[in-house]
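Asks: Protein chains in written order, with this note's numbering: chain A, 1 to 189; chain B, 1 to 175.
No wet-lab data here; the hints were simulated from the structure. Predicted, not measured: the structure shown is a model, and the values here were computed from it. The beta carbon of each residue, even a glycine, is placed where N, CA and C say it ideally should be. Each hint should be verified, as a subset may be incorrect.
What the hints assert, rightly or not - Derived Cβ-Cβ restraints for the label pairs, each shown as a range:
#1 F112(A) <-> L172(B): 37 to 45 Å
#2 V76(B) <-> G186(A): 47 to 55 Å
#3 R103(B) <-> A100(A): 35 to 43 Å
To be verified - Listed next, the stretches of chain B that the computed footprint assigns to chain A, with coverage defined by at least 3 CB atoms under 8 Å from CB atoms of chain A:
#4 1–15
#5 87–98
#6 115–124
#7 129–140
#8 153–166
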Amino acid sequence: MASTESAQQPLARPNSAAGLFLAFNRLALRGFGGVLPWAQRVVVEEERWLDNREFVEQLALAQVLPGPNVVNLALMIGDRFFGLRGAFAALAGLMAAPLAIVLTLALLYAGFATRPEVGAALRGMGAVSAGLIVAMAVKLAPTQRRNVAGWAFIGASFVAVGVLRWPLLWVMPVLGGASVLLTARGLRK
Amino acid sequence: MSAVELLQLFGHFMLLSMLSIGGAITVAPEMHRYVVDEHAWITDAQFTASISLAQASPGPNVLFVTLIGWNAAGWVGALAATVGIMLPSSLLAIGAARWTRHRHQRIGVQAFRKGMVPITIGLLLATGWILAEPGLGQPVLIGCTLASAVLVTKTRINPLWLILAGGALGVLVAR
């Protein structure tokens with residue numbers, strides 16, 4: 001499996017801000033129906049700038065903060081390697097090409113998105129994106145090892161937000177707060 | 001759209017930026033209330049089309065906000081809306097990342113980093129579930145979800161092929 005292989009090799013660094021720009025440009029352009037699984041694939045499996053554990057910890061921080069998760073993640077990864085310049089390079093890589101595409105589509109043909117075939121194709125692509133997101137969660141879950149409480153919190157947050165559709169704005173502080181407190185107690189021992 | 005209205009749009013989107021935990025799409029209902037119902041800067045159809053068009057394009061879904069701005073006031077509107085929704089949250093993200101990096105040995109920071117990981121994984125599963133739900137009535141689409149999850153976990157297949165296949169199957173199933 002790609003994720004275990006990459007975990008054993010030493011990590012690399014992006015060689016320049018331009019390298020960050022290109023990698024984020026690449027993953028953004030592949031991201032039909034969700035960029036996040038591509039971020040994990042490019043940053044962890046292809047470039048090996050982070051391992052799965054570091055990636056999911058950055059993502060956790062990106063997710064509790066307001067703003068698009070993948071944008072926050074790009075900013076944090078860029079800043080980590082090259083400061084503000086890196087953050088801006090990663091953000092520009094993530095946004096520039098998709099911005100040009102979306103505005104071109106809007107200019108050329110506003111009715112494009114409402115055509116029935118586009119809707120049907122999007123449903124099919126959405127079904128695949130769902131699988132990609134699940135696969136990403138499966139690859140990141142081994143970071144929990146034998147942490148029973150961790151697995152319980154995975155289940156609880158999935159049920160609360162996915163199945164019951166409770167608002168994230170209070171699931172996050174309640175479940176997140178409980179998990180963080182429990183983790184803190186374990187660390188103090 | 002007047003300069004004052006443009007500033008109002010910019011200011012309101014900056015405010016929404018700070019509230020958009022879980023992504024810009026979580027503040028879409030409030031955005032709709034403000035730009036469609038309260039100010040009538042764009043129509044309901046334009047609002048919905050902005051979201052679908054952003055979803056049909058590659059890249060982050062936050063681009064729907066750019067399209068809302070573009071529909072409301074052309075290029076300046078696109079710029080105001082995009083910078084508005086991204087600037088405050090981006091500054092906060094960089095600040096928070098630096099703050100935690102410099103204090104990575106503190107127990108509180110460590111507990112936060114490790115403790116939030118299971119929630120993050122659970123939320124990814126929830127996102128997968130929510131994305132899969134519209135296809136639950138169609139065995140072919142359920143098959144697409146399961147097959148892509150297994151193939152991406154177990155093989156080195158490029159997921160782009162799966163997305164293309166999913167799009168093609170979606171059109172075929174709808175016929």
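Asks: Compare the structure with each hint and give your call.
Replies: Verification of the hints:
no. : hint                            : verdict
1   : F112(A) <-> L172(B): 37 to 45 Å : violated, 20 Å
2   : V76(B) <-> G186(A): 47 to 55 Å  : holds, 52 Å
3   : R103(B) <-> A100(A): 35 to 43 Å : holds, 39 Å
4   : 1–15                            : violated (count 0)
5   : 87–98                           : holds (count 9)
6   : 115–124                         : holds (count 10)
7   : 129–140                         : holds (count 6)
8   : 153–166                         : holds (count 9)
Checked against the numbered hints above, the structure breaks hints 1 and 4 and satisfies the rest.
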